[in-house]
Amino acid sequence: MTTTTISSTTEIRDWLRERVAFYLERPIEEIDSAARLVEYGLDSLYALTLCGDIEDEFDITVPPTLAWDFPSVNAIAEQLHDQISEQRLADR
Amino acid sequence: MTAIDGHTADRAEEALPTGYLDTAHPLETRFGDPDDPDNPVGFAAFLRADERGELLPAGRSLLDTYQLGAEFVPAAHGGRLRQADELAQTLRPVFRRDAALGLGHGAIKLIASATVWSTASTDHQRWLAQVLLRGGQAAGAYTELASGHDLTRSTVRATRDGTQYRLTGSKEVINNVNRADSVTLLARTGDGSGSRDHSLLLLDMSTVRRDRLRFLPRFRTAGLRAVHLGGVEFLDCPVPASAVVGELGGALETVLRAFQVTKATLTAATVGCFDTQLRMVTRFALERRLYHRSVAELPHVRSVLANAYADLLISDCLSSTVCRALHVLPGQTAVYAPATKYLVPLLIQESVDQLATVLGARSFLREGPYGIFQKHLRDLPVASLAHSGATVCQATVIPQLPRLARRSWLSGQQPAPASLFRLGAPLPELDFRRLEIAAGAEDSLLAVLPDAAAELRADPELGPLSARLVTELAALKASCTALAPRNRTPLAEPIGFELAERYSILLAASACLGVWRHNQDHPNPFLRDTAWLALALRRLTARLGLPVPPGSATAEQRVFTELVTRERENRSFDLAGRLLA
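Chains as they are written, first to last, in my numbering: chain A, 1 to 92; chain B, 1 to 581.
Be a bit skeptical, because a hint or two may be false.
As the list claims (entries may be wrong) - Listed next, the stretches of chain B that the computed footprint assigns to chain A, with coverage defined by at least 3 CB atoms under 8 Å from CB atoms of chain A:
| hint | region |
| --- | --- |
| 1 | 187-197 |
| 2 | 388-401 |
Said to hold, decoys possible - Okay, the calculated beta carbon distance ranges per label pair:
| hint | chain 1 | residue 1 | chain 2 | residue 2 | range |
| --- | --- | --- | --- | --- | --- |
| 3 | A | E78 | B | R457 | 50 to 58 Å |
| 4 | B | A441 | A | D32 | 27 to 35 Å |
| 5 | A | D59 | B | P217 | 52 to 60 Å |
| 6 | A | R88 | B | S411 | 22 to 30 Å |
| 7 | B | F364 | A | P63 | 50 to 58 Å |
| 8 | B | R153 | A | T61 | 50 to 58 Å |
| 9 | B | P494 | A | D59 | 34 to 42 Å |
Simulated from the structure, these hints should not be mistaken for laboratory data.
Yeah, the Cβ is synthetic: ideal placement off N, Cα and C, and Gly gets one too.
Given these sequences and hints, build the entire structure.
As structure tokens, then:
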């Protein structure tokens with residue numbers, strides 16, 4: 001997603017849910033955005049992989065431990081939205 | 001970002017320092033002739049100590065006199081640790097003789113301290129440096145038997161109580177724990193099952209209350225019989241809150257960083273064991289006569305020996321390159337280190353099994369001039385398990401592959417700089433903090449393969465070999481990109497593990513090509529020649545299960561000749577080819 005518009009938190013959240021559903025091989029409807037990823041069985045190494053996906057999708061750099069420190073879809077989405085907004089402002 | 005900075009690339013153009021290769025390593029000299037039955041630190045003495053199940057006292061005091069502990073302390077803290085590949089070279093004379101001594105009185109200190117060097121906690125670093133510099137013992141209490149290397153399941157708990165933590169639970173199969181002056185402990189400080197629920201504590205064992213801990217009985221092992229594997233149970237044991245090293249909840253991150261250094265360095269050090277085994281069998285083949293000729297004249301035996309030598313060179317190319325990558329490519333070693341620690345022990349193991357068939361009955365005799373062969377044979381699998389076994393390493397590699405496949409492989413990735421491959425050339429000091437815990441989107445070591453293949457297209461032998469490996473890389477890229485999500489985890493089906501293996505083999509091929517390419521000014525013509533490289537690439541192609549393009553018989557012959565020359569000149573078989581004692 002390399003468009004110039006800032007993705008809304010909802011858009012980011014939906015994309016993240018889709019990724020989590022992909023890794024779990026479960027329907028997206030079953031992914032609760034508030035649940036801790038580790039409770040779905042997404043362990044520490046998975047979380048690192050998810051950070052790689054985030055970097056590729058949003059064309060940003062995030063610490064590999066992002067999903068350790070923000071352990072749910074909601075938490076990651078909010079953090080990402082803030083980071084992307086700041087970055088876009090800085091780029092202007 | 002791949003290379004660290006411009007001046008490194010410039011420095012790589014400088015002449016290689018090679019004069020030292022005609023002298024033995026100072027540690028090698030101190031140990032002296034290992035074959036001398038009267039040498040108190042020779043093979044015979046180590047074999048007897050192994051039978052007794054104890055580390056050879058004379059070997060321990062030799063390492064203490066040499067102040068080996070300083071080798072594990074970064075120069076910034078007054079030690080001699082600057083370069084990981086140099087550290088491996090220092091450990092090889094020890095591993096050549098006894099892996100139990102090398103690990104139990106040596107590398108175990110790196111495992112115990114690397115985590116501390118990987119934090120920003122200078123007070124703890126200064127204290128641990130003092131312990132190691134005065135020859136103290138350090139133990140790394142990370143694993144528990146029930147959870148193995150799955151550190152997030154560790155149960156030893158540190159509970160905050162005012163200005164203290166109280167420790168409960170036990171750690172098993174810990175080297176030297178009952179004799180340690182310092183213990184680096186991984187303990188649970190949070191209640192969750194996440195990646196921020198564990199912390200590292202550095203325990204000063206001279207102040208820990210002995211009535212609140214209990215050392216567990218020794219675990220006996222099939223190999224490395226001399227190492228002292230024990231355990232410790234904490235009985236509501238109070239330690240000061242200041243024992244926490246680095247960030248609270250930061251243990252997993254620190255371990256993922258630190259163990260890249262230990263994996264690469266230990267793997268490179270074990271090439272010393274392989275050297276001794278290959279030397280024993282080469283000597284046996286040259287001396288023993290069958291059917292009115294020496295065993296070495298039998299074509300099958302020559303082939304086994306030449307191929308084993310190629311395996312040794314592959315092992316050194318990959319492990320030494322990855323040691324140097326810790327300095328040059330610290331953002332990529334999160335995948336290189338486990339790939340190396342997975343592949344090299346496997347390669348050595350299979351090669352040594354072949355060598356055993358040449359040695360025949362002598363491969364299992366526990367005494368006599370070839371007794372050291374069976375000891376190394378038993379020791380290596382145990383040493384390879386130290387702090388992370390093959391399966392854990394593969395499981396670490398697997399989830400990183402799809403992104404590398406998509407973003408880097410055969411996608412215009414710049415190959416690694418020459419400085420990565422320059423044998424013995426100085427590098428900026430090892431900086432544990434710069435190591436990334438996950439490989440990003442770059443894989444510049446693997447990018448050497450397609451780059452070199454393009455350059456070698458016209459070579460009648462290397463051209464088809466490297467082209468075949470590039471085709472395999474393209475297939476690997478397709479497989480990794482299409483890898484089902486469930487197979488990208490430690491719970492992966494065999495396909496995930498197979499891809500990790502194929503990746504490691506291609507990485508080894510890249511390392512061989514890089515070492516060959518960037519040492520064309522090496523004083524030893526054998527290293528500049530294509531023979532060893534051709535044989536190494538053929539070995540790796542066969543290991544991939546691919547048909548090996550027909551090659552010249554002279555490559556094998558030239559590798560065999562070098563093997564015999566080095567045995568006669570008493571030089572190490574590794575890339576360095578340094579004089580031995």
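Here's how the hints hold up against the structure:
For the region 187-197 of chain B, the stated coverage by chain A is satisfied: 5 residues place a CB nearer than 8 Å to a CB of that chain, which reaches the threshold of 3. For the region 388-401 of chain B, the proposed coverage by chain A is satisfied: 4 residues have a C-beta within less than 8 Å of a C-beta in that chain, meeting the threshold of three. A C-beta distance of roughly 52 Å is found between E78 (chain A) and R457 (chain B), which places it inside the suggested range of 50 to 58 Å. Separation of A441 (chain B) from D32 (chain A) is about 30 Å and conforms to the stated range, judged on CB atoms against 27 to 35 Å.
Judged by the Cβ atoms, the range 52 to 60 Å given for D59 (chain A) and P217 (chain B) holds: they are separated by roughly 56 Å. Between R88 (chain A) and S411 (chain B) the Cβ separation comes to about 27 Å, which falls inside the hinted range of 22 to 30 Å. Separation of F364 (chain B) from P63 (chain A) is about 52 Å and conforms to the stated range, judged on CB atoms against 50 to 58 Å. For R153 (chain B) paired with T61 (chain A), a C-beta distance near 31 Å fails the hint of 50 to 58 Å.
The beta-carbon spacing between P494 (chain B) and D59 (chain A), approximately 35 Å, falls within the hinted interval of 34 to 42 Å.
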